[in-house]
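Enquirer: Work out the full structure, taking the sequences as your base and the hints as a guide.
The opening residue of the sequence shown carries number 112 in this note's numbering; numbering runs sequentially from there.
Simulated from the structure, these hints should not be mistaken for lab results. The model shown is predicted, which means the values in this text are computed figures rather than measured ones. Take the hints with a grain of salt, since some may be wrong.
[Said to hold, decoys possible] Straight-line distance between alpha carbons at most 30 Å, and here's what the computed DSS-like set of lysine-lysine pairs gives:
| no. | residue 1 | residue 2 |
| --- | --- | --- |
| 1 | Lys485 | Lys537 |
| 2 | Lys251 | Lys190 |
| 3 | Lys375 | Lys352 |
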Amino acid sequence: MMEVHDFTFLFGVGLFFAFMDAYGIGANDVANSFATSVGSGSITLAQALIIACFCEFGGAFLLGAETIKGGIVETSLYKAQPEILMLTMVCALIGSSTWVLFATSRGWPVSTTHAIVGAICGAGISAFGSDGIQWSGITKIVLSWVVSPVCAGIVCALIFGATQLLVLRHENSFQRGLIAIPAYFGIALTVNVFYIIFKGAPDSSLKSDSNIGIAVGIALGVGLAVFLWCFFFLRPFLRRKIQDQEDLRWFHLFYIPFVSPREKVSASLEEKGGVKGVEGEVDADGKADPSLDTERLFSAVQVITACFTSFAHGSNDVANAIGPLATIYYIWEHANIDVKKAPVPVWILAFGGVAIDLGLMTYGYHVMRTLGNKMTYMSPTRGFSAEMGTSITILTCSKLGLPVSSTHCITGATSAIGLMSGGGFKSLNWRLLLGVFAGWIATLPAAGIVSGLMFAFVSRSPMLA
Numbered sequence: 112m113m114e115v116h117d118f119t120f121l122f123g124v125g126l127f128f129a130f131m132d133a134y135g136i137g138a139n140d141v142a143n144s145f146a147t148s149v150g151s152g153s154i155t156l157a158q159a160l161i162i163a164c165f166c167e168f169g170g171a172f173l174l175g176a177e178t179i180k181g182g183i184v185e186t187s188l189y190k191a192q193p194e195i196l197m198l199t200m201v202c203a204l205i206g207s208s209t210w211v212l213f214a215t216s217r218g219w220p221v222s223t224t225h226a227i228v229g230a231i232c233g234a235g236i237s238a239f240g241s242d243g244i245q246w247s248g249i250t251k252i253v254l255s256w257v258v259s260p261v262c263a264g265i266v267c268a269l270i271f272g273a274t275q276l277l278v279l280r281h282e283n284s285f286q287r288g289l290i291a292i293p294a295y296f297g298i299a300l301t302v303n304v305f306y307i308i309f310k311g312a313p314d315s316s317l318k319s320d321s322n323i324g325i326a327v328g329i330a331l332g333v334g335l336a337v338f339l340w341c342f343f344f345l346r347p348f349l350r351r352k353i354q355d356q357e358d359l360r361w362f363h364l365f366y367i368p369f370v371s372p373r374e375k376v377s378a379s380l381e382e383k384g385g386v387k388g389v390e391g392e393v394d395a396d397g398k399a400d401p402s403l404d405t406e407r408l409f410s411a412v413q414v415i416t417a418c419f420t421s422f423a424h425g426s427n428d429v430a431n432a433i434g435p436l437a438t439i440y441y442i443w444e445h446a447n448i449d450v451k452k453a454p455v456p457v458w459i460l461a462f463g464g465v466a467i468d469l470g471l472m473t474y475g476y477h478v479m480r481t482l483g484n485k486m487t488y489m490s491p492t493r494g495f496s497a498e499m500g501t502s503i504t505i506l507t508c509s510k511l512g513l514p515v516s517s518t519h520c521i522t523g524a525t526s527a528i529g530l531m532s533g534g535g536f537k538s539l540n541w542r543l544l545l546g547v548f549a550g551w552i553a554t555l556p557a558a559g560i561v562s563g564l565m566f567a568f569v570s571r572s573p574m575l576a
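Expert: Dropping the structure here:
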């Protein structure tokens with residue numbers, strides 16, 4: 112019979128591999144939020160990593176309390192031997208972290224959610240055979256391989272198509288963009304605030320369907336406030352900085368109506384070869400191509416959208432690592448398996464947030480390159496459409512009960528952008544895309560095989576016999 116604080120070595124091993132799994136999540140999944148921003152040139156890789164650190168940790172620490180504790184294995188089978196459930200979760204973390212880190216090293220954007228689910232299944236089958244698994248959940252995961260990318264691709268195509276029709280295909284695209292920017296900001300903030308309040312915050316009393324009106328009202332209020340701020344502050348700031356080429360600093364944004372006209376920067380930049388990213392794209396008067404000016408407008412919207420997607424990602428996907436760890440810790444602390452209603456300790460949330468940040472800072476560039484410009488060409492308007500499509504798809508499909516994966520969504524959205532380009536099918540890197548899809552399919556069994564073999568080996572230890 113297990114006693115409190117027995118099998119401390121399992122807790123220690125679980126702690127290490129939970130850190131490695133969260134590290135892999137940071138390295139692999141952060142690309143879901145920022146790869147298109149980096150690929151389009153809206154921000155640099157270094158800037159994306161710094162911003163993601165704050166967004167991911169904030170989401171993980173403040174909202175990341177939902178965990179993967181049940182719904183995959185039949186926990187009742189472990190009641191007589193809680194230490195076996197500890198071992199199952201430890202082996203699951205080993206299998207998941209091994210596969211995710213391997214996929215990241217290859218630049219494959221895989222689903223870390225599917226990795227941990229597959230790993231738990233593998234260890235569960237190794238422990239109790241097929242009876243130890245709730246197979247209905249596995250069917251949903253297989254369905255998500257099609258549902259997630261297709262839904263995100265459709266939504267992304269609608270957003271990008273509307274942007275092309277209303278803004279990009281007109282000679283006065285810059286002026287139209289100035290009108291569209293506040294609206295897009297308001298919509299982006301409304302969608303993402305609603306996502307955080309109604310979907311992301313696990314302890315929020317507003318998550319009940321009966322309170323959806325309150326959540327919508329708060330989100331609309333925030334969206335309206337942001338729209339008004341963008342209209343009276345961001346819009347004139349962008350016009351003066353991009354079109355008039357005034358020498359403005361970022362802090363001028365907060366009181367731009369009271370800033371007097373300033374010296375233009377074109378003369379000072381002429382000797383340096385022009386504005387970064389648009390060298391050689393100026394006319395005889397030294398003015399940038401209007402279409403390039405329009406793209407620069409959307410850089411600001413894209414970065415904000417990526418930040419909220421990253422915040423929501425930190426709140427949700429950190430559970431892939433800390434969920435099994437929370438189970439291990441609870442069993443070690445209480446010597447029973449009644450873990451479903453147990454709150455996640457704050458130190459575990461912080462632990463997962465730090466590991467995610469380290470992963471994205473030291474290894475996140477591999478997958479960012481894949482989802483950036485390797486799959487198809489990205490510009491700020493395209494990247495914004497992909498991120499908005501991903502955010503809306505995750506929110507809508509989740510509330511409808513459809514299985515979604517943030518990795519699959521951003522890949523589907525990126526593919527849709529490529530198909531809508533002038534080159535059509537030729538605009539996509541099909542070899543890379545097929546490799547990514549193969550990685551999706553391989554994730555579940557690969558992580559499961561590693562964890563299952565590990566469980567079969569360790570469970571025969573004399574200490575567990």
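Enquirer: If a hint holds in the structure, say so; if it doesn't, say that too.
Expert: Hints versus structure:
1. Lys485 with Lys537: holds, 13 Å
2. Lys251 with Lys190: holds, 27 Å
3. Lys375 with Lys352: Given pair Lys375, Lys352 holds - Cα atoms ~9 Å apart, limit 30 Å.
Hint compliance for this structure: every hint is met.
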